[in-house]
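We have chain A; now place chain B onto it with these hints.
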Amino acid sequence: MSRIALRISDTELEGVAYDDLATNQYRFDCVEFPRPIVSNERDVGKTLSGRAYSHLLSRSKIYNPVISTNELDEMKLAFLESYWDANKKYIALYDGTSWGNYIEVITESGDFPLSFIDDLEDLPEVSLKLTGS
Amino acid sequence: MSQLVVKDIAGIVQTMPLVGVQFREETSFGDPADDNIVIYNLEKESSVKLNAVTRKTGKGGMVQLGYMLDATLYLPYNNSTWIDAIPDIILGSTDNKAYTVVFLFGTAEGYTNPAVEAPEVINSTSGLQLHIHTISRGLRYIKEFESIEYRPRAIIKISGFIKEGEISWN
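Residue numbers (the working numbering), protein chains in the order written: chain A, 1 to 133; chain B, 134 to 303.
If you are wondering where the hints come from, they were derived from the structure by calculation, not from laboratory data.
Only a predicted model underlies this, so the values are computations on that prediction, with no experimental measurement involved.
Among the hints, a few may not be true.
[What the hints assert, rightly or not] Every beta carbon over 10 Å from chain B, so not counted as near; a handful from chain A, in silico:
1. LYS46
2. ASP95
3. SER98
[As the list claims (entries may be wrong)] Computed cross-link-like contacts, DSS-like style, restricted to lysine-lysine with a CA-CA straight-line distance of at most 30 Å:
4. LYS192/B - LYS61/A
5. LYS182/B - LYS140/B
6. LYS189/B - LYS76/A
[Said to hold, decoys possible] So these bits of chain B aren't anywhere near chain A, every CB distance computed over 10 Å:
7. ILE142
8. LEU151
9. TYR173
10. SER180
11. LEU183
12. THR190
13. ALA231
14. ILE255
15. TYR274
16. GLU277
17. TYR283
18. ILE300
19. TRP302
Here a beta-carbon is modelled for each residue, glycine too, at the ideal position from N, C-alpha and C.
The shape of chain A in the complex, shown without the other chains (with noise of 0.2 Å):
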């Protein structure tokens, strides 16, 4: 499985270096965590004389953890409805062998992502969309 670690902070980080010991952490391994899936927004057109343009707009990575019973107690539910709520929130990434820098992401508006395997309360599962660089 896919190991991340999702942080929240009230300011902005002053470092991106991964921090084993920071608080308002929590480290998940994720049930499903397929590649970020890169998205761009671009101005596409074409100009009177008859050439054509596409300006690019923004760019960023979208990522998908899902977390799911065997990862989840209540204080991890309780930090992850905070991550979700909260105006800063970081992402850090486990190759395998080393913690890459974290990664300021942010979140879409509406309902906290959870859901419940086979409809049962005790398996609960959060599916995240977190957008950053």
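Structure of chain B alone, referenced to chain A:
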């Protein structure tokens, strides 16, 4: 380098039928005021099974999320006083409470205070206890009745989701 090799049968494979069950209230173990119910002499059809609850991972394998408990206990006590009273006591005492359920195998005895000697077991070579700590209070109890051959008897069925850290063997 450490190495583990398990090959000898003698003294390791024990005969231990399911002989009893204990329901012990979790709040303050040892407090005489806590509920403590111990039922011995379960009938031979009684069984307990912990089925793995799994989920497929993104890499195609399976991860275990916990267990689904499936226990069926056949109670032989069938006089007019006990045939209904024992299931009702169990269901009433465990309803929406945190309980440790202990399944007793072979010569294992349930904890009692004051101490009460368990019935003699003649077909066991050892004893084992399976503890299930129902912190999540997810276990559900059902009572049934049936008649077999020459007598009626009560049946208690226990089911529910158990997390990995909520079971222990002693």
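Hint by hint, here is what the structure shows:
| no. | hint | result |
| --- | --- | --- |
| 1 | LYS46 | holds (41 Å) |
| 2 | ASP95 | holds (15 Å) |
| 3 | SER98 | holds (20 Å) |
| 4 | LYS192/B - LYS61/A | holds (21 Å) |
| 5 | LYS182/B - LYS140/B | holds (26 Å) |
| 6 | LYS189/B - LYS76/A | holds (21 Å) |
| 7 | ILE142 | holds (34 Å) |
| 8 | LEU151 | holds (25 Å) |
| 9 | TYR173 | holds (30 Å) |
| 10 | SER180 | holds (22 Å) |
| 11 | LEU183 | holds (14 Å) |
| 12 | THR190 | violated (5 Å) |
| 13 | ALA231 | holds (14 Å) |
| 14 | ILE255 | holds (40 Å) |
| 15 | TYR274 | holds (16 Å) |
| 16 | GLU277 | holds (23 Å) |
| 17 | TYR283 | holds (41 Å) |
| 18 | ILE300 | holds (14 Å) |
| 19 | TRP302 | holds (20 Å) |
Checked against the numbered hints given earlier, the structure breaks only hint 12 and satisfies all the rest.
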